[in-house]
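Colleague: Heads up: the sequence lines are chains A and B, in that order.
Under my numbering, the first residue of the first sequence carries the number 1, and numbering increases by one thereafter.
Under my numbering, the first residue of the second sequence carries the number 1, and numbering increases by one thereafter.
Honestly, I wouldn't trust all of these hints.
To be verified - Covered by chain B, according to a simulated footprint, are these stretches of chain A (three or more residues, beta-carbon under 8 Å): (1) 144-153; (2) 362-374; (3) 403-412; (4) 561-575.
As the list claims (entries may be wrong) - DSBU-like cross-link-like pairs, simulated, lysine-lysine; straight-line CA separation at most 35 Å: (5) A:K369 with B:K72; (6) A:K369 with B:K81; (7) B:K72 with A:K519; (8) B:K88 with A:K367; (9) B:K124 with B:K235; (10) B:K74 with A:K519; (11) A:K545 with B:K74; (12) A:K173 with B:K304; (13) B:K124 with A:K211; (14) A:K173 with B:K88; (15) B:K81 with A:K571; (16) B:K74 with A:K559; (17) A:K550 with A:K369; (18) A:K514 with B:K72; (19) A:K571 with B:K235; (20) B:K81 with A:K439; (21) B:K74 with A:K447; (22) B:K81 with A:K519; (23) B:K296 with A:K173; (24) A:K367 with B:K231; (25) B:K88 with A:K559; (26) A:K618 with A:K173; (27) B:K296 with B:K339; (28) B:K74 with A:K550; (29) B:K124 with A:K550; (30) A:K514 with B:K74; (31) B:K72 with A:K571.
I should point out that these hints are in silico values taken from the structure, not numbers from a laboratory.
Think of the CB as a built atom: it goes at the ideal place given N, C-alpha and C, for glycine as much as any other residue.
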Amino acid sequence: MTKIIEPNKQSNIFKRPSSETGIWSWITTVDHKRIGIMYGYAAFFFLLIGGLEALVLRIQLSQPDNNFLTAAEYNAMFTMHGTTMIFLAIMPISAAFFNYLLPLQIGARDVAFPRLNALSFWIFIFGGAFLYSTFIFGTAGAPDGGYLAEEVGWLGSAPNGGWFGYQPNAGLKYSPGTAMDYWAIGLQILGIASLISAFNFITTIINMRTKGMRFMRMPVFTWMTFAVSFLLAFSLPIIAIALFYVTFDRKFGTTFFLTEGGGDPVLWQHLFWLFGHPEVYILILPAFGIVSEVLPTFARKPLFGYAAIVFAGFGIAFIGFGVWAHHMFASAISPVAQAGFGLSTMVIAVPTGVKIFNWLGTIWGGKIKLNTPMLFSLGFIGMFVIGGLSGVTHSVVPADTQQTDTYYIVAHFHYVLFGGALFGIFSGLYYWFPKVWGKMYNETLGKIHFWLMLIGFNLTFGPMHWLGLQGQVRRTWVYAEETNLQFWNIIVTIGAFIIAVSIIVFMINWIFSKRNGEKAPFDPWDARTIEWTIPSPTPVWNFSKAPEVKSLDDFWHSKYDEDEDGRAVRKESTDQMLVELEEEGLNPSENIVLPNPSYFPILLAAGLPFLGYAVIYKSIPLALIGTLFLLIGGFGWGTEPLEEEVEENLEHE
Amino acid sequence: MLVKKIFKLKNLKYMLLVFLSACIENAPLDSLSPEGPYARSIDELFWITFWIAVVIFVIVQGALLLSVFVYKEKPDSPEPKQIHGNTKLEILWTVIPVLILAAIAVPTVRTIFDLAREPENALKIEVIGHQWWFEYKYPDYGITTANVLVIPADRPVRLEMWSNDVLHNYWVPKLNGKRYLVPGQTTYLNLHADSPNEFWAQCGEYCGLSHSKMRGRVLSMSQSDFDAWVKNQQKDAVAFSTDDLSLAAEGQQVYLNAGCTQCHVINGVWDIQGDRIAPNLTHFANRNVFAGAALKNNPENLTKWLANPAELKPGTFMPNLELTESEINALIAYLETLK
Chain A
1 MTKIIEPNKQ
11 SNIFKRPSSE
21 TGIWSWITTV
31 DHKRIGIMYG
41 YAAFFFLLIG
51 GLEALVLRIQ
61 LSQPDNNFLT
71 AAEYNAMFTM
81 HGTTMIFLAI
91 MPISAAFFNY
101 LLPLQIGARD
111 VAFPRLNALS
121 FWIFIFGGAF
131 LYSTFIFGTA
141 GAPDGGYLAE
151 EVGWLGSAPN
161 GGWFGYQPNA
171 GLKYSPGTAM
181 DYWAIGLQIL
191 GIASLISAFN
201 FITTIINMRT
211 KGMRFMRMPV
221 FTWMTFAVSF
231 LLAFSLPIIA
241 IALFYVTFDR
251 KFGTTFFLTE
261 GGGDPVLWQH
271 LFWLFGHPEV
281 YILILPAFGI
291 VSEVLPTFAR
301 KPLFGYAAIV
311 FAGFGIAFIG
321 FGVWAHHMFA
331 SAISPVAQAG
341 FGLSTMVIAV
351 PTGVKIFNWL
361 GTIWGGKIKL
371 NTPMLFSLGF
381 IGMFVIGGLS
391 GVTHSVVPAD
401 TQQTDTYYIV
411 AHFHYVLFGG
421 ALFGIFSGLY
431 YWFPKVWGKM
441 YNETLGKIHF
451 WLMLIGFNLT
461 FGPMHWLGLQ
471 GQVRRTWVYA
481 EETNLQFWNI
491 IVTIGAFIIA
501 VSIIVFMINW
511 IFSKRNGEKA
521 PFDPWDARTI
531 EWTIPSPTPV
541 WNFSKAPEVK
551 SLDDFWHSKY
561 DEDEDGRAVR
571 KESTDQMLVE
581 LEEEGLNPSE
591 NIVLPNPSYF
601 PILLAAGLPF
611 LGYAVIYKSI
621 PLALIGTLFL
631 LIGGFGWGTE
641 PLEEEVEENL
651 EHE
Chain B
1 MLVKKIFKLK
11 NLKYMLLVFL
21 SACIENAPLD
31 SLSPEGPYAR
41 SIDELFWITF
51 WIAVVIFVIV
61 QGALLLSVFV
71 YKEKPDSPEP
81 KQIHGNTKLE
91 ILWTVIPVLI
101 LAAIAVPTVR
111 TIFDLAREPE
121 NALKIEVIGH
131 QWWFEYKYPD
141 YGITTANVLV
151 IPADRPVRLE
161 MWSNDVLHNY
171 WVPKLNGKRY
181 LVPGQTTYLN
191 LHADSPNEFW
201 AQCGEYCGLS
211 HSKMRGRVLS
221 MSQSDFDAWV
231 KNQQKDAVAF
241 STDDLSLAAE
251 GQQVYLNAGC
261 TQCHVINGVW
271 DIQGDRIAPN
281 LTHFANRNVF
291 AGAALKNNPE
301 NLTKWLANPA
311 ELKPGTFMPN
321 LELTESEINA
331 LIAYLETLK
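In isolation and in its complexed conformation, chain A is listed as follows (with noise of 0.2 Å):
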């Protein structure tokens, strides 16, 4: 029996939620292992919404001149698969990760705020929930004094300024209606959701690592998500401070990028890529810590030049912030600008190399275990080679002049955040698989899921680098026949259906052997790391009590030995030891106290989309309503204790 301590449920506005089943406890929980898990299924729903997106626009360019979409209905397609992709589908499912694992990782029984977190979670949601109801809510028409031969329908009405919004395009004077403030308000939304998580993290990884964890014994994929919450933490408040100016210019009259109120259109994309090319690190920085621990595992070698990784991420991730300008070099900068932003691209390319030659200094020599998450992890690395070395050309200023804008840049950054963040997260998802779930994932399902996806991603973006240098303009709604371009954009198509049938083989082994997967021990892979060390699935406490650790890669070197040759060998003790290790994560011999749900968080951040819509269609009564929210939400917080007093006779066995 469990001695999970019942708290003193005492009311404050509610009485404290007591489910620990049923959907009421997933609304009300502060376990970091739900939040993950729930982050996890909203991002891949959203994954797969954006993914029907980029359906939708590769038969559009299938043919030339097509007229499958309307121009409206292209351009909102292509704005909502980047806005979606970005901030609701990669961005979230890192956060998945990283909220199941971190704690995981560092020994500690949750995050620092685990109430925080639910907030960042709900907020999150909300703030999905208000982006894609333009759909219903939002109009978009022609610029002002232009004319349209049809109506824009409701796949039209979505924002249609690109998920760069680049000014004044974006702005209301070319863009009117209320779709770029459905954009604008919604990002401001994700934006607060991402702070707040970036900073729980931080204090997280900071204070809550267990005994011996020092920072230099923390796993690759915990340093990853450190660098990561400091990118977000310096990146997003620029980005929110250039979108409130957005929607003050579209709502209020200002003209802070409007030429004929004296604003500066390239103001907006200096605000938007200093927060933009962070993000691109924000984005592929957990794929990084993911393949940085999968790699050994499979490898049965230790990471080559942990210190090395550990310091090339943070490297990438300061350097990141001095590079915004090339997305910019056609753009109204000078010549000094141009060459200083091209050499600063360049020196990015430094520790990117290091991290790569270093991962392929970890399998070199190894006993490689070729199983569907090493497939995706080395997959990553191919794929996220061809990503940089075509980033390096841009980095050449006069060549990107013509590169830029093309669909060569659509290949190079797919290669990257597909190629590379999407492959590195889908090795993580079978990864840690069995930690998650307690069962094991379909091992032969998920070879056809690799190799499917490896062929239709290679053949929907390796020929847009040739479409690219061929003169396809990005964004373009149709392109002429004179041009000679059908034929590769037919084979891009059929790639993109390919990743789709790809992503189906995947649905379904994760359906199956959620439901019907041989049970998982609670060490399948001969791991390193400590979230090896408890059952699987892991028990609401995590640790029955709070590890010690001694070294990097503690848990191997509690299993192994080095001969003389230093090759590992196994220590007698392992197998008692291992059994010991489940027995005890099962059954805890002290009292656990565990932060008790709430309701607060959900409705707390149930006040920012009124708030948003307020603002859209200037109305007292909704803010009224959503200030309302925010009250409740944080005087009840405010009142209510983390965890209820425990009076020791409520005790039970």
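Chain A is fixed; fit chain B onto it per the hints.
Modeller: Using the frame of chain A, we list chain B on its own:
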């Protein structure tokens, strides 16, 4: 020199090009077939970088595949040596990329400044971006035209560019890279074509509904042809007298009365000074494309366009004037006289 050595790889480059272009021929926006010195200097830089990237690509992917094949788990594989790193090796693979990048950086920076410098003896042309067409003004000659940029061959051209509304991006891939057109600022771009030819232009920056249809043509001409073109452009259109009964004369009346003059100027017929928001039509028939160079200038396209412009260019500022069929035919007959 290293650079020259790499250039000997040109043959390889052409083999690759032949392979890749097996399926694409005559792509008019091809950025890899430069037709002028500016585009050529970019092209050379690109291929240097490209071949360095290919070498690194082969090394890294080779090492990746090799280690997978060699060190793949076999039943008799021994447990691997637990190597934590190798400082010398790590310094090596930090320093080598630095050196390679430094080698790329030198020609990069030089080319940046070469491309930005104002060439001597350049012809100045103003480029003004509109949603969704490019307007051209030749201040030295007093010419205003649209969609088709006419330049002398073998002489540098200095474009002074700005936008009338949103950001645009001027791109003639065979002559140079891209440059933004920004409202309230002037940006510059040099063009230089080797010989008389026709090139395609395209707006690179997303600029709203019909961004994809914001295209252009650049015609480079021999100096004598160019001079003749200038002379012709400087002429006004000859107005038909009101008692002329030809179809074209009827078309002129449609132009004057149906509302076209709100936005379109024809010098000599309706030339109230001052800019209009739409292309100057004085030499409309002289241009082989119209509507932001999205349509070929022929009676069939003109008929469709005049019947409902927004059908062909979503968001366009040209209204549907509800012209009758006979009005459209007359107007087309008139436009064809505007050589």
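Colleague: So, for every hint listed, does it hold in this structure?
Modeller: Outcome of the hint check:
Counting residues of the region 144-153 of chain A whose beta-carbon sits less than 8 Å from any beta-carbon of chain B gives 5, enough to reach three: the coverage restraint holds. Counting residues of the region 362-374 of chain A whose beta-carbon sits less than 8 Å from any beta-carbon of chain B gives 8, enough to reach three: the coverage restraint holds. Counting residues of the region 403-412 of chain A whose beta carbon lies closer than 8 Å to any beta carbon of chain B gives 4, which reaches the threshold of three, so the coverage claim holds. By the rule of at least three residues with a Cβ nearer than 8 Å to a Cβ of chain B, the coverage given for the region 561-575 of chain A holds, with 6 such residues.
Of the supplied pair hints, the one linking K369 of chain A and K72 of chain B holds, its CA atoms being roughly 6 Å apart against a limit of 35 Å. Only pairs whose Cα atoms come within 35 Å are accepted, and K369 of chain A paired with K81 of chain B is accepted, the gap being roughly 16 Å. Restraint check: the Cα-Cα separation between K72 of chain B and K519 of chain A comes to about 26 Å, which is no more than 35 Å; the hinted pair holds. A C-alpha spacing of about 24 Å is found between K88 of chain B and K367 of chain A, which places the hinted pair at or below 35 Å, so the restraint holds.
Between the alpha carbons of K124 of chain B and K235 of chain B the distance comes to roughly 20 Å, so the proposed pair stays at or under 35 Å and holds. Straight-line distance between C-alpha atoms of K74 of chain B and K519 of chain A comes to about 26 Å, which keeps the hinted pair within the 35 Å bound. About 38 Å separates the Cα atoms of K545 of chain A and K74 of chain B, which puts this hinted pair outside 35 Å; it is violated. About 28 Å separates the Cα atoms of K173 of chain A and K304 of chain B, which keeps this hinted pair within 35 Å; it holds.
Pair hint K124 of chain B plus K211 of chain A does not hold up; C-alpha atoms about 72 Å apart against a cutoff of 35 Å. For the hint linking K173 of chain A to K88 of chain B, the alpha-carbon distance of about 59 Å lies beyond 35 Å, and the restraint is violated. For the hint linking K81 of chain B to K571 of chain A, the alpha-carbon distance of about 16 Å falls within 35 Å, and the restraint holds. With a C-alpha separation of about 22 Å, the suggested pairing of K74 of chain B with K559 of chain A holds against the 35 Å cut-off.
The suggested pairing of K550 of chain A with K369 of chain A holds, with an alpha-carbon distance near 27 Å, which does not exceed 35 Å. For the suggested pair K514 of chain A and K72 of chain B, the alpha carbons sit about 29 Å apart, so the restraint of at most 35 Å is met. For a cut-off of 35 Å, the pair hint linking K571 of chain A to K235 of chain B is broken: about 96 Å separates their Cα positions. This hinted pair checks out: K81 of chain B and K439 of chain A have alpha carbons roughly 31 Å apart, not beyond 35 Å.
For the proposed pair K74 of chain B and K447 of chain A, the alpha carbon gap of about 19 Å is at most 35 Å, so the pair holds. Under the criterion of a C-alpha separation no larger than 35 Å, the hint pairing K81 of chain B with K519 of chain A is consistent with the structure, at around 32 Å. A hinted pair counts as satisfied when its Cα atoms are at most 35 Å apart, and K296 of chain B with K173 of chain A qualifies at roughly 30 Å. At most 35 Å may separate the alpha-carbon atoms for a hinted pair to count; K367 of chain A and K231 of chain B exceed this at roughly 78 Å.
Between K88 of chain B and K559 of chain A, the direct Cα distance comes to roughly 30 Å. Compliance with the 35 Å bound is thereby established for this hinted pair. Restraint check: the Cα-Cα separation between K618 of chain A and K173 of chain A comes to about 18 Å, which is no more than 35 Å; the hinted pair holds. For the proposed pair K296 of chain B and K339 of chain B, the alpha carbon gap of about 16 Å is at most 35 Å, so the pair holds. At roughly 32 Å between alpha-carbon atoms, K74 of chain B and K550 of chain A fall within 35 Å of each other, so this suggested pair holds.
For the hint pairing K124 of chain B with K550 of chain A, the CA-to-CA distance comes to about 72 Å; that exceeds 35 Å, so the pair is violated. Between K514 of chain A and K74 of chain B, the direct Cα distance comes to roughly 30 Å. Compliance with the 35 Å bound is thereby established for this hinted pair. Of the pairs offered as hints, the one joining K72 of chain B and K571 of chain A holds, with about 24 Å between alpha carbons and a cut-off of 35 Å not exceeded.
In this structure, the earlier hints numbered 11, 13, 14, 19, 24 and 29 are contradicted, and the remaining ones agree with it.
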